[in-house]
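Residue-level listing of the chains:
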Amino acid sequence: MQERRVLLIEDEPNIIEAIRFILSRDGWRVDTHSDGSTALEAIQRRAPDLVILDVMLPNRSGYDILHDLRGAEETRETPVLMLTARGQKKDRELAEKLGASRFMTKPFSNGEILETVRELAG
Amino acid sequence: MERAPLTGSRIRSYRLERAIRQSDLAEACEISASYLNLIEHNRRRIGGALLVRIAKALDVDPAYLSGVAEVRLATEMDAAAEAHPEASPERSRAEELATRFPGWARLIARQQREVRRLEQVIERLGDRLTHDPFLSASMHNALSSVTSIRSSSAILNQGGDIEPEWQARFHRNIFEDSQRLTEAMEDLVGYLDADGGDAPGGSLPQDDLDRWLVSVNWRIDALEDGDASQIGQIVSEAEVLTTRAARHLATTYLERYATDAAALPLPQLVEPLAAGATASQVAQSAGVDLPVVFRRLAVLRADETPDGEPYGLVACDASGTLTYRKPLSGFDLPRYSAACPFWPLFTALQRPMTPVIDTLSMSGREEARFDVQALAQVSYPAGFDGPAVSEAWMLIRSHLGDDGRTTRVGTSCRICPETACVGRREPSVFV
Numbered sequence: 257m258q259e260r261r262v263l264l265i266e267d268e269p270n271i272i273e274a275i276r277f278i279l280s281r282d283g284w285r286v287d288t289h290s291d292g293s294t295a296l297e298a299i300q301r302r303a304p305d306l307v308i309l310d311v312m313l314p315n316r317s318g319y320d321i322l323h324d325l326r327g328a329e330e331t332r333e334t335p336v337l338m339l340t341a342r343g344q345k346k347d348r349e350l351a352e353k354l355g356a357s358r359f360m361t362k363p364f365s366n367g368e369i370l371e372t373v374r375e376l377a378g
Numbered sequence: 248m249e250r251a252p253l254t255g256s257r258i259r260s261y262r263l264e265r266a267i268r269q270s271d272l273a274e275a276c277e278i279s280a281s282y283l284n285l286i287e288h289n290r291r292r293i294g295g296a297l298l299v300r301i302a303k304a305l306d307v308d309p310a311y312l313s314g315v316a317e318v319r320l321a322t323e324m325d326a327a328a329e330a331h332p333e334a335s336p337e338r339s340r341a342e343e344l345a346t347r348f349p350g351w352a353r354l355i356a357r358q359q360r361e362v363r364r365l366e367q368v369i370e371r372l373g374d375r376l377t378h379d380p381f382l383s384a385s386m387h388n389a390l391s392s393v394t395s396i397r398s399s400s401a402i403l404n405q406g407g408d409i410e411p412e413w414q415a416r417f418h419r420n421i422f423e424d425s426q427r428l429t430e431a432m433e434d435l436v437g438y439l440d441a442d443g444g445d446a447p448g449g450s451l452p453q454d455d456l457d458r459w460l461v462s463v464n465w466r467i468d469a470l471e472d473g474d475a476s477q478i479g480q481i482v483s484e485a486e487v488l489t490t491r492a493a494r495h496l497a498t499t500y501l502e503r504y505a506t507d508a509a510a511l512p513l514p515q516l517v518e519p520l521a522a523g524a525t526a527s528q529v530a531q532s533a534g535v536d537l538p539v540v541f542r543r544l545a546v547l548r549a550d551e552t553p554d555g556e557p558y559g560l561v562a563c564d565a566s567g568t569l570t571y572r573k574p575l576s577g578f579d580l581p582r583y584s585a586a587c588p589f590w591p592l593f594t595a596l597q598r599p600m601t602p603v604i605d606t607l608s609m610s611g612r613e614e615a616r617f618d619v620q621a622l623a624q625v626s627y628p629a630g631f632d633g634p635a636v637s638e639a640w641m642l643i644r645s646h647l648g649d650d651g652r653t654t655r656v657g658t659s660c661r662i663c664p665e666t667a668c669v670g671r672r673e674p675s676v677f678v
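Those protein sequences? They're chains F and B, same order as listed.
As numbered in this note's numbering, residues 257 to 378 make up the first sequence, in order.
As numbered in this note's numbering, residues 248 to 678 make up the second sequence, in order.
Just chain B, same shape as in the assembly (with noise of 0.2 Å):
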């Protein structure tokens, strides 16, 4: 493989390219012009500020003259001809044709990111066609609402002697049909509307409930006394809640967040947290349970922890679906792929009641470590006859430190650069 120009070279060559004399360089960065001779016959180690004020006054990207931007270029070359192996690209020379033609390197892995993006939407499209509940729901209610307005209609306009009463039935039926079916294409068109938007991805409902807890940061302050009666006005207020679905689970989510404000206000928190206590020397003291704690810490803010360091919270339901997601710097969430079975929010599910704590280290991010507590607990809001609701829930936060033994994760496996784990799904991008 030929070997890439040195930073020296390279000053030299953006020099030339410009048609700026190497006094005049010398003088706009401050140096002499033999020192800048031997920075360009790389006899001179450079870097730092010097490198910014030279990159500075050819118009450059320092990235550029020290080579780290081909290297990511070239990288991301090798990943297009990867790719396309039938074109039989020369993969050792990536990086010489991202020093050499840098305008057609940036093209070449532009395209390439560009494609993995379509591949990534296409991805979702069929996930969503095949697995969107929304979708399929909206699709059987406003056909069966046309399969009774057909009949309905073509029973009255049939003629003949309908009795009155069946009449005035079918009439009935139409006008409550249509209705519905208004209804059910409302939500459709809302829905698909929110696709085509600026948030990429598009959106099942909870992805609009996603969206609308990021942009308020997950805090509720009109609910923090606890009064509930306010939460219809505050959903439909909320722009970006589109569909009833969305705007169902943004209520159901809101009354929730109103009893536990209620259950336990946020001085309550605040000052016990100042004072060193645990989440769950919290519930025990304020009389509940840790979820609530995880939950109520979850909206606290930066500058409100006793270290400026905000918490992350993630939840599920029995199926391992994620059902709220408030993620950390560093510890992402999944959006369209199950989540990392090694996560202790799964551990919790299977063992109701017993907190499950953990330092998890991210794969890929050898300095990103976290603090986790999970617990999982289980409802029957139908009674002891009726099916068990489990639910499970995990806090987060920054470990500080890189002390002790840590449990390996990762997002979901097809981020994951673990190749050898044992819970892997299916191969990994990135192998």
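One chain only, chain F, in its complex shape (with noise of 0.2 Å):
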């Protein structure tokens, strides 16, 4: 069977930690990138079969990351779960808008994140 990949986007050091136990734990590949600017090349370099990215990310926005992703022929249809937290309507708007597959606001629960990623890639 071929191995899972999961690309997280994150520059949180300690939440990077726990959801690479949490995935890895159900047999996930688990790479992660924390630079916004250089994001979208380690997407497009890596090919996983699901990017979990982060709004806030230093040098460049999530949004922007996402909004590039889809304009690209061989991301476009990758699945993106966002992570952010701020939770506001036009948030959740602006990132359907943008084409993330689903969006998910912080705190989180470990459950919550690896039922989205089963069901986004699995």
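By construction, these hints were calculated from the structure, which means they are not laboratory data.
Keep in mind that this is a model prediction, so the values were computed, not measured.
Mixed in with the good hints, there may be bad ones.
Residues of chain B placed beyond 12 Å of chain F at every Cβ, according to the derived structure [claimed, not checked]:
#1 ALA389
#2 GLU423
#3 GLN480
What follows is a list of derived Cβ distance ranges for each label pair [unchecked claim]:
#4 ARG261(F) - PHE422(B): 45 to 55 Å
#5 GLN480(B) - GLY327(F): 52 to 62 Å
#6 THR499(B) - GLU330(F): 42 to 52 Å
Idealized CB from N, CA, C, for every residue including glycine.
The task is to assemble the complex, starting from two chains supplied on their own in separate frames and drawing on the hints.
Next up, the structure:
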């Protein structure tokens, strides 16, 4: 069976560690990237089955990355789970408009993120 | 419109209201009763010292006798009427109401002022929730810490076979994030607490720094020898600096203060200034940049300048955000909105290293003129491959005399009466 791969783009090291642990235990290979300005290249290079993308990243917003992601042929269909500390309606609407597959606000539960990842790319 | 009573009629009205006999009032004011009678029937002009004596004897503000207070009240009531045309107030009779029922008129005027104040508070709070970077960053930090704590503790709590190395790692992460969360909450509480204090308008970190600088009159004598070792103590003793962000701003400010003081000690500034040297001449002879001289001039007390007039100073970054504010009487600096785009401060920003010198007159204040000098500098803190960081400074002085051409500027659009201004961003509240 082919290994399923998630690329986690997040800049908080302890959140990275927790998500990596949870998903690894479920059989996912988790790669990580923390810099917004080079995130798009990282996604295109690694071609993951799913991208978990934080909104507030150093140097570039997750929204901008998502916009470019959906504009590129090779990543147009890649499932993207957006993570954000801002759960306002307008944030959710913006994420949907830009093509996010799912939108999750912090703090989320481990079960919630695991279920969503399985649903989107399992 | 019914004409408001004249001063004499007002005196008569107040006297009768207080049941004072004409002869008794005349005696108290050291004039004859017949003369007071002529005054009360508006057959003699009255003003100055006699008006003050009569007002004192009647226990009333002279402004009420002269009618000035009524005009003022009528103007404020008119503003209230304009805000609520649906009530169909008789606007042409505002002055009459102010004359006949001054108590009610004062109540309406006071309520109008209170409504305006509350509107400004609401506007400010709305602006903060949308644009306050401190509030936004604090909430982001707090939620990130909570997310990590929640995930890590759930992993540990689920039991099962978690290797000791991972257990230790998650315990450490929870400890780190709980500390981070505590700091974020302390900062946030301090920030919100400061908003409930006496300072009107609340507390962005820059506001806290500004309030502190006002309290020390922009002068830090302990740093005048250029020794920066006391900065930590100075900041920790400044009660108004309640948040970490405000303390950080203050520390940065004081570090530059100490550097400036070492580069240009006050005696090297005051003596040439007394001999008539200009700011640029001082900069040249001391071998320092012009903004250093500007900042040093701004810490001078009025009695240390040759003509007893203090200096005002304002600075901005490349976005036009004001980063330093030392106002001068008559030259107000906006707190919450953007400044007038015609300030030479912003002209200088467009032409780095080129001094911009001008004489300004503040709109709405014909008598107030100011000589200003502005200069912008560009630095590359991350090396020439990194981004350029611009900063502009504008020194402000009162202009003596009313001669010569001036450039008309305002404080900010919202409170500027120049309706025809080509640079206007939004309507004025005065129009």
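Do the hints match the structure? See the list:
no.: 1; hint: ALA389; result: violated, 8 Å
no.: 2; hint: GLU423; result: violated, 7 Å
no.: 3; hint: GLN480; result: holds, 34 Å
no.: 4; hint: ARG261(F) - PHE422(B): 45 to 55 Å; result: violated, 31 Å
no.: 5; hint: GLN480(B) - GLY327(F): 52 to 62 Å; result: holds, 55 Å
no.: 6; hint: THR499(B) - GLU330(F): 42 to 52 Å; result: holds, 45 Å
Hint compliance for this structure: hints 1, 2, 4 are not met, and every other hint is.
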